[in-house]
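Peer 1: Residue numbers (the numbering used here), protein chains in the order written: chain A, 207 to 563; chain B, 24 to 316.
Where hints are given, some of them may not hold.
[As the list claims (entries may be wrong)] Here are the simulated DSBU-like pairs of lysine-lysine, each with C-alpha atoms no more than 30 angstroms apart in a straight line: (1) B:Lys208 - A:Lys373; (2) A:Lys307 - B:Lys208; (3) A:Lys359 - B:Lys208; (4) B:Lys208 - A:Lys313; (5) A:Lys373 - A:Lys307.
The hints are simulated quantities; they were obtained by calculation from the structure and are not laboratory data. Quick caveat, the model's predicted, so the values are computed rather than measured.
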Amino acid sequence: MATLNIQGVTKAFGPTHVLHGINLDVADGEMIVIVGASGCGKSTLLRIVAGLETASTGNVVIAGRNVTALEPAERDVAMVFQNYALYPHMSVFDNMAYGLKIRGLPKDQIAKRVQEAANLLGIGALLERRPRQLSGGQRQRVAMGRAIVREPKLFLFDEPLSNLDAKLRVQMRAEIRRLQKRLGVTSLFVTHDQVEAMTLGDRLVVMHAGHAAQIATPMEIWARPADTYVASFIGSPAMNLFPATLEEGGHAARLDTNGLVLPFHDGPRPGPAGRKLTIGVRPEHLTPGQGGLELQVELVEPLGGESVIHARLEDGTEVTAKLPGSSYSDGRLDVIIPLHTLHVFDGETGKRLEAGG
Amino acid sequence: MRRKVIFGNKLLPYLLLAPQLIVTAIFFFWPAAEAIRYSFLRQDAFGISVMFVGLENFQDLFADERYLQVVWNTIWFSFWVTVLSMGVALLLAVLADRHIRGRDTYRTLLIWPYAIAPAIAAVLYIFLFHPSLGLLGRALNGFGVPWDYRLNGDQAMLVVILAAAWKQVSYNFLFFLAGLQSIPKSVLEAAAIDGASPSRRFWTVIFPLLSPTTFFLLVINITSAVFDTFGIIDALTGGGPGNATQTMIYRAYVDGRVNLDLGSSAAQSVVLMIAVMALTLVQFRFIERRVHY
Ligand SMILES: Nc1ncnc2c1ncn2[C@@H]1O[C@H](COP(=O)(O)OP(=O)(O)OP(=O)(O)O)[C@@H](O)[C@H]1O
Ligand SMILES: [Mg+2]
Chain A
207 MATLNIQGVT KAFGPTHVLH GINLDVADGE MIVIVGASGC GKSTLLRIVA GLETASTGNV
267 VIAGRNVTAL EPAERDVAMV FQNYALYPHM SVFDNMAYGL KIRGLPKDQI AKRVQEAANL
327 LGIGALLERR PRQLSGGQRQ RVAMGRAIVR EPKLFLFDEP LSNLDAKLRV QMRAEIRRLQ
387 KRLGVTSLFV THDQVEAMTL GDRLVVMHAG HAAQIATPME IWARPADTYV ASFIGSPAMN
447 LFPATLEEGG HAARLDTNGL VLPFHDGPRP GPAGRKLTIG VRPEHLTPGQ GGLELQVELV
507 EPLGGESVIH ARLEDGTEVT AKLPGSSYSD GRLDVIIPLH TLHVFDGETG KRLEAGG
Chain B
24 MRRKVIFGNK LLPYLLLAPQ LIVTAIFFFW PAAEAIRYSF LRQDAFGISV MFVGLENFQD
84 LFADERYLQV VWNTIWFSFW VTVLSMGVAL LLAVLADRHI RGRDTYRTLL IWPYAIAPAI
144 AAVLYIFLFH PSLGLLGRAL NGFGVPWDYR LNGDQAMLVV ILAAAWKQVS YNFLFFLAGL
204 QSIPKSVLEA AAIDGASPSR RFWTVIFPLL SPTTFFLLVI NITSAVFDTF GIIDALTGGG
264 PGNATQTMIY RAYVDGRVNL DLGSSAAQSV VLMIAVMALT LVQFRFIERR VHY
């Protein structure tokens, strides 16, 4: 129903700079997930889009209209809050009808739209109840319903699932995705849960300390993280990162810890010999075998079909591996690093280094 | 979780409750019982003979037109004190809840009047409204408005209402502010996103959510206006001119202490007791039903 453009948005609360210039273009009907650690400015960005907070600089454009100076009411967006923010003194019906009444819709239309949305969400039987008479999951649905009936240009979600238990969270996650696709409403979804981020988003914005560290599809971010922060933030367990130096005219890296030389399979990296690098390997890419890393296993977490192994190298560097099967025990374990799974980052800036660049 | 304490000794719980019970008995039940007893008796002016007169004291009371005037005064006075003090307090609380500069100073200043003794509050109002000494009183007379609350009953009523309301504002303000701050910010933000204007947000979200506080204050304010404003009336107008600012409490005092008509005074106290019980009952039965959410 609408596109969204966030153009160079910065935000400072007094002396604290929270956002340092965010640029994001969202296509019509796209679901964007904003993910990042606590305090990185996700909610602030969302609230700026909603109009609850004013940007220090930069513009917010919804459906081609610059809404930077407009009140929330004039932006035609709907928001689902982490604590649901239902009106405690109104019935479920009135909660959902509130925005429509303000817009002056005729009574019969309001009733029809609320009933439709309620049926869609499976809360049709609860319309007479007050929020305090509902379970957490039901409140969550009412909050969704209140957003849906408005038929807004934009849905904004601020960690709407974080107050639900694990099972319900998975269920609601799928439901939100289904609804969003069906209604085709452009959406911004804030979460700090990376599984939620990976499964929900058409694209992710990984935020780090007020910057958008990377904006790309979930698979792209997983396969080619833009820097070491994104690399360790996305993926579970987190990627192993080893300090290393550039060798052999840029064709290989030597791990600082044990001197293991890892030739690059896709071409040389630029820079003089001895350039500081960080080599990243995902735990699931390590495979048992000789001639790679010699691990001292400290803890095995069996997950059924596979196991997560927490171990150390001789010099104490921590390594995590995710290996098939469950027959692992404390003691020595040899693994190899398949060369095509290497991620190469600059040792100082942490930025990804592509081959041949 | 609430735990039930089991006392081994049957006497101990009563012993622990005793101070509270004794205080209540001595300072409440005993005088109340005395008042009820006296309300059925009549004493001659010298206190020599006492006789039982049944309901005669009450009959005389309600046959007395001046007493009915006093009842009306009380209703009129309490109504306006309550409306004014709660209305102004709510307005001030809404303003103080905003992010304004000097908010803390502003709040502290608003709380001060509550700490002032009624007599001092009265002196303040005399300095404001006295026709020749008072700031406002002089100004009014200067503008050609004939102002003298010592002679004009309506003006006297206005001054005691203002003074009593002013004193009550602080208390109401504190409760309203606390009530406002307990409304989750996100609920108001949700209403803003839903398109509600500030005034609509106030009337459809804030005000209903404040209703438990409002109800509580309503009870407290009416009760205090009826029963707890003796000091300020006494210091400001002494119930005058005539009996224009006499309230039921004030009249009971005058009849008992000044006119030494103990029977009538006791009957008036009983009427007041019944009034406060009725008031509380009505308020809880009918109003509370509508404030729950
Ligand atoms: N009104 C405010 N005044 C001052 N600082 C603020 C204000 N709101 C947010 N901040 C600061 O801005 C930073 C980002 O806050 P924000 O709420 O956007 O984080 P977040 O990414 O949503 O975190 P979380 O995952 O914990 O919700 C935080 O350091 C916070 O302390
Ligand atoms: Mg947040």
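Peer 1: For the pair supplied as a hint, lysine 208 of chain B and lysine 313 of chain A, is the alpha-carbon distance within the 30 angstroms limit?
Peer 2: The hint holds at about 29 angstroms.
Peer 1: Do the alpha carbons of lysine 208 of chain B and lysine 373 of chain A lie within 30 angstroms of each other, as the hint requires?
Peer 2: 29 angstroms, holds
Peer 1: Hinted pair, alpha-carbon criterion (30 angstroms max): lysine 307 of chain A, lysine 208 of chain B. Please report holds or violated.
Peer 2: 22 angstroms, holds
Peer 1: Quick one, are lysine 359 of chain A and lysine 208 of chain B close enough, alpha carbons at most 30 angstroms?
Peer 2: Cα-Cα ~24 angstroms, so holds.
Peer 1: For the pair supplied as a hint, lysine 373 of chain A and lysine 307 of chain A, confirm whether the alpha-carbon distance does not exceed 30 angstroms.
Peer 2: 35 angstroms, violated
Checked against the numbered hints given earlier, this structure breaks only hint 5.
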